[in-house]
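Residue numbers (my numbering), protein chains in the order written: chain P, 1 to 407; chain U, 1 to 118.
Derived from the structure by calculation, the hints contain no laboratory data. Yeah, the Cβ is synthetic: ideal placement off N, Cα and C, and Gly gets one too. Mixed in with the good hints, there may be bad ones.
Unchecked claim - So the derived list for chain U, only partly shown, Cβ under 10 Å to chain P, looks like this:
id, residue
1, Arg19
2, Asp21
3, Ala58
4, Leu104
5, His107
6, Gln115
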Amino acid sequence: MPIPAAVTTFRNAAEDGLRTVLVVDDEPTARMALASRLKRLGYRVIEAGDGKAGLEALRRERPDLTILDWMMPEMDGPSFCEQVRQDPELLSSQILMMTSHDRPEQIAEGLARGADDFLSKAASKYEITARVQAGMRTATLIQRLEDVTEQIRRKQEVLERELQSAAHYVESLLPAPGTLLPGVQMVHAYRPSLGLGGDLFNVVPWSEDVMGLYLLDASGHGVSSALRSASFSTFLRRGNLLHHVGSNDPGAILTEANKQFPLTEDGNYFTIIFARLDVRARTLSYATAGHNGALLHRRSGEVRWMTKPNLPLGFDPSTTYLMEELPIGSDDRLYLLSDGLYEVPASNGELWGQDRLEQTVRTFGHRPLAEVVSGTIAEAIRWQGHEHFPDDVAMMGVELTEMVSHE
Amino acid sequence: MSERLHHDSVFSLEEALARVDDDRETFQMMIELFMEHGPKDLADAQAAVGAGNAAGVARSSHRLKGAILQFCAPAALQACKALEESAKAGNLAHGERLYAALELEFHRLLAALRQARD
């Protein structure tokens, strides 16, 4: 009788649908006995005469279950298991190890090195059947788990691509840094927490001397917040404001926005600061709705927070938001920022806070505006100890480099 | 297939056939395989005993044991186990004697299987 080939498939590989068992044993008589039992149980059987051929068959055929002998020349059963567990493609394979070892420490060694279960070489046909069926049940569950994991991974990829696309759209809404009006420079930083943020800021050109600036913060994170912010930014376009509000008065704009954007069913809302910069009149007018992230850093060194205790938008449709007006001068700087910047927690939970943020701005003084904005963000990162902000972070810095004379 | 040795103490035909669900064709093929490979394993064991190679003795006797188990042959199995365990313990002081016992039982089994096959 010819010696069986190193690997023999007893049924046509095209017989898909059959559960497959790989038997790896260097002793041909025992291997044939086991293979014939498995075939009678209705399995497709692949045989391998040594560990190396067994690994090749495992990679090629991906059987549902592998039954292998512990003691084989060159590559024994535990070494086979270790190789399988180190291979990302094979590591979930179900392995039943045949052994005449029955000492607990040997069983423990086999399990530690990667076997899933054991089968005594002297096992009855009933035990063989039961062990194989148990192994098949596990293999089926693992296969289902892998299938579902793969489905989730594919769906996640699609979602992430869509999120990236949406994030690009949101970023396209942001203004380009640079000269906004003659003598007015702007830089900004934008760090959404989830790749897609709910914070938005922009510029509304009113005339050659007057412009609007706003920074809004949608409660929550992610897609829903970003969509609501994008919708709000559409409302805040010049033409729309002129049509619905009929004025560039920040207080009137927020009063109207408060009516247009009530609390959502989920209780989500906006906070916002809307400012109007008139370079000819040398005034900065502003109104806020539940937003505390705005400060004016004057050339003299004075820092003034532009805060006012009032409701965010959407809480009470009868709320009237009033405008404040401040004089401004050359080299004064306006910073609009989201609360996510100064509410970053350190590892012990302590927040960075407005005082530390203010001190950072003071320390940077009148160094180049871009350096102040990037340095402030860096300081917040240093405080929290990592790069990932838990909330959306936006900061817009506006500097009046020279004043237009109104004479 | 003759069943004259069914009552012999060398191996239990009934039990051996039961292990393969009374599939006589498979059983006959197993006998052929054993007759082909068993003597080689036995010769390997003998050579390893002569060379004082305990690992080699353990390897050869382990293979033989796997085959003998299929035939439900208690005396041959016991002789094989004794040689394997002694070799695994690294002790070949009684290697010649244990091998001789195995050789005797092996040939008895081979003869019984040949009769069963014919």
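So which of those numbered hints doesn't the model satisfy? 4, 5, 6
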